[in-house]
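**Q** Sequence:
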Amino acid sequence: MTSFVHKTLVVQLRAEGTGRCPVLAHLSYDADDPFAVTAVFGHDGRVLACWRLDREMLSDGLVRPVGAGDVRLRPTATAAWHELRMEFLGDARPDGTRHRAVVFAWAPAVAAFLRETHRIVPPGRERVPVDELLAEILSAG
Numbered sequence: 021m022t023s024f025v026h027k028t029l030v031v032q033l034r035a036e037g038t039g040r041c042p043v044l045a046h047l048s049y050d051a052d053d054p055f056a057v058t059a060v061f062g063h064d065g066r067v068l069a070c071w072r073l074d075r076e077m078l079s080d081g082l083v084r085p086v087g088a089g090d091v092r093l094r095p096t097a098t099a100a101w102h103e104l105r106m107e108f109l110g111d112a113r114p115d116g117t118r119h120r121a122v123v124f125a126w127a128p129a130v131a132a133f134l135r136e137t138h139r140i141v142p143p144g145r146e147r148v149p150v151d152e153l154l155a156e157i158l159s160a161g
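All residue numbers for the sequence shown refer to our numbering, where the first residue is 21 and numbers rise by one.
Wrong hints could be hidden among the right ones.
Claimed, not checked - The calculated label-pair distances, taken between Cβ atoms and stated as ranges, are:
#: 1; residue 1: G116; residue 2: P142; range: 36 to 46 Å
#: 2; residue 1: R84; residue 2: I157; range: 35 to 45 Å
#: 3; residue 1: T22; residue 2: A97; range: 28 to 38 Å
#: 4; residue 1: V60; residue 2: P142; range: 24 to 34 Å
#: 5; residue 1: T96; residue 2: E146; range: 43 to 53 Å
Rather than coming from a laboratory, the hints here were simulated on the basis of the structure. Since the structure is predicted, the reported quantities are computational estimates derived from the model, not experimental observations. C-beta atoms are modelled at their ideal positions from N, C-alpha and C, and glycine is treated no differently.
Given the sequences, and given the hints that come with them, work out the whole structure.
**A** Quick look at the structure:
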């Protein structure tokens with residue numbers, strides 16, 4: 021049985037002072053880390069950012085605003101076009117503000133990716149190998 025899902029999407033990045041520009045988003049899910057989705061954003065072969073997102077929060081963001089702190093998600097729609105708006109806050113600047121980027125992804129594509137992850141590990145059936153993790157930590161000492 022497959023324990024890994026990967027999907028590459030073309031998304032729209034809107035950074036401060038710019039309009040939207042297309043970038044690639046590589047979404048991946050590994051059953052060994054059942055609560056997380058990794059999102060790597062790239063352009064012209066360079067990694068622009070890498071974020072680990074909560075899988076349930078990503079799913080909830082397709083239907084309602086969620087998140088606080090560094091990541092905020094919410095659905096947006098214009099006519100028949102439905103998007104997931106993802107706002108990411110980055111490192112602090114010298115003036116005390118923070119870098120900020122907004123990514124718009126086609127919501128049906130994100131939903132399809134999440135359905136694939138749910139086939140591997142259904143929501144509510146996630147398992148964290150706590151005993152193995154503790155044994156590894158204690159043996160490293």
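**Q** Each hint needs a verdict: does it hold in this structure or not?
**A** Now for the hints, and whether the structure bears them out:
1. A beta carbon spacing of about 44 Å between G116 and P142 agrees with the range 36 to 46 Å that was offered as a hint.
2. The hinted window of 35 to 45 Å between R84 and I157 holds, with their beta carbons roughly 37 Å apart.
3. Taken as a hint, the range 28 to 38 Å holds for the pair T22 and A97, whose Cβ atoms sit roughly 32 Å apart.
4. Between V60 and P142 the Cβ separation comes to about 25 Å, which falls inside the hinted range of 24 to 34 Å.
5. Checked against the hint of 43 to 53 Å, the pair T96 and E146 fails, with Cβ atoms roughly 28 Å apart.
Hint violations for this structure: number 5 only, all remaining hints satisfied.
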